Amino acid sequence: MANVLVIATVADGALSRSSLELVAGARTIAPAVGGGIDAALLAAEAADGAVEALHQHGVGVVHRVVHPLLATGQSDAYLAAAEACVRAASPAVVLVAADTVGREIGPRLAYRLGAALATEATGLEVADGTVVVHRQVYGGRAVATLAVRRTPAVVTVKPRALDAPAPAPTAGVVRDLPVQLADDALPTRVREIVREQAEVGLEDAQIVVSGGRGIGGPEGFKLLAELAQVLGGAVGSSRPPADAGWVPISWQIGQTGKTVRPLLYLAVGISGATQHVAGMAGARTIVAINKDPEAPIFGVAHLGIVGDYREVLPPLIAKVKALKGQ
Amino acid sequence: MHIVVCLKQVVDPELPLRDFAIDPQTRRQVREGRPLVLSTYDENALEVALQVKDRTGARVTALALAPQATVGDQIRLALAMGADDAVVVDDPRGPDLLGAAKTPVLAAAIRRLGAVDLVLTGCESADWVERAVPPLLAEELGAACVTFVARVTVEDGRVVAHRQADEGYHVVEARLPAVLSVTSDEANRPRLPKVKDIVGAKRKPVQTWPVDALGVAVGDAGVDVLDVRVPERTTRCEFLEGEPAQQAEALALRLRDLKLL
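Chains as they are written, first to last, in our numbering: chain E, 4 to 329; chain S, 4 to 264.
If you are wondering where the hints come from, they were derived from the structure by calculation, not from laboratory data.
Nothing here was measured: the structure is a model prediction, and the numbers come from that model.
Mixed in with the good hints, there may be bad ones.
Below, a list of computed lysine to aspartate or glutamate pairs in the EDC-like style, where the Cα atoms sit at most 20 angstroms apart [said to hold, decoys possible]:
| # | chain 1 | residue 1 | chain 2 | residue 2 |
| --- | --- | --- | --- | --- |
| 1 | E | 294 | S | 244 |
| 2 | S | 199 | S | 76 |
| 3 | E | 294 | S | 246 |
| 4 | E | 324 | S | 76 |
For each label pair, taking beta carbons as the anchor points, the in silico distance ranges come out as [to be verified]:
| # | chain 1 | residue 1 | chain 2 | residue 2 | range |
| --- | --- | --- | --- | --- | --- |
| 5 | S | 261 | E | 198 | 28 to 34 angstroms |
| 6 | E | 196 | S | 259 | 39 to 45 angstroms |
| 7 | S | 17 | E | 63 | 45 to 51 angstroms |
| 8 | S | 17 | E | 235 | 32 to 38 angstroms |
| 9 | S | 174 | E | 285 | 49 to 55 angstroms |
| 10 | E | 285 | S | 39 | 47 to 53 angstroms |
| 11 | S | 29 | E | 48 | 35 to 41 angstroms |
Ideal Cβ positions, reconstructed from N, Cα and C, are used throughout, including at glycine.
Build the full structure now, drawing on both the sequences and the hints.
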């Protein structure tokens, strides 16, 4: 019986949300693969809460590597630790979150294992006993369906593409794996970590106010920030403002940047290039404000306003404040 | 110092939707009659290489794996921007290969170029966005790997890179040789070649290597592409009419009705 193994990480002391999403994906495919679900937990400290959360969601064996380098974005350390776990667990399928580190170590892990590789999955299913991966291609204009032809296979999964699973407690065990990692022996070293996170985490925000090229410059983003604040949301951007340095690159939403699935997505001055739509099309309600009535963003929006955001946002902020009694 | 920049030729990602089509046979985008361009981030990678060249006098080689008949304009753009040499590995399957399949071929071409200190690629291709080639190349070449890099400096035989991260950015130091994948940043906006450089690039030699001469087989990604299709859009946009203040009020009321306030 070959298992599915998820590569799990810790964020702020708890199991990361993307790890839970991987567990959801593993639960979809594990019955067809023929086994249960294991996890490799790569953490800087024991993280017993994360182990417990994995067991609570149906993970049997947790292979745990604890090392201080596993808190630093040091992808060579994550790779070594993940490889040790995978060799210990001999899974049929390995699921890796397609985040900064995972996008690098997923392919490298596949190379080292001689494994099949599918990246950036937005959906997993089983058809005729085969694991099937769905992913966006051509800037989100098309969707590809891939069949995994051999095992082992490594699949990277886009964060926020899968819903977190409901609890399904199982009696599990944790197996600590000693992995020797020396900072100066690794080919890369993280010298510095610079945070530029929005006040509300963009990927977790229920409301996102996002600006594009049409905002015209960094000044306009102040108005977006004001609207985000009264709505209790976060500010994001499409690619041009991040490229131009108007906003930090970490605000960028799209195929290249972050994927968000908020309840409300307000696209302001965003034309709606497929590259961007690929990162926000999962929003429950999409509102577009754009001067150009032909802008492709109106093709995915539920509500549209054709107009200049500089004229629309101030009365919108005032009205929202009034309705919220602020 | 020798830097190789891997360039991919893709159908212009800005192509209007009406001209976008999937070939049912190849399960890839139809390329015939469509404008071909350098994949978006590959130009940023080239710019980073040229900036290192400006500072250190490095030699920059542009490398493309593509059908030789179609890649001319793109490889000459690289020469016009300032690449010293250009190599096309001529493979008609080039555009259709998955990253894991093309990596052994690219690695063989890089080895044939001799000692290479840095390999730069775009952080993803504008078509399939696998993000697989740079880390696979690093493994295949036994090189250090840093992905999603915006700015690069070379100091004392090491490379220091700003890597885009989920929460901001990391400053990562890597030993050479290294493979770096490059994302866009205000600091690496591709330079515009001068007219005389565009003219001059037309006279520069482009080496063409038949893929069979490299003595490697394409790799196996271990996955079959079953289907590629354009999803049907079901959304109908409801427009809020009136003066800006009326539109704003209507929107605020709708947001309240949707229990979003």
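Violated hints - listed by number, lowest first: 4, 9, 10, 11
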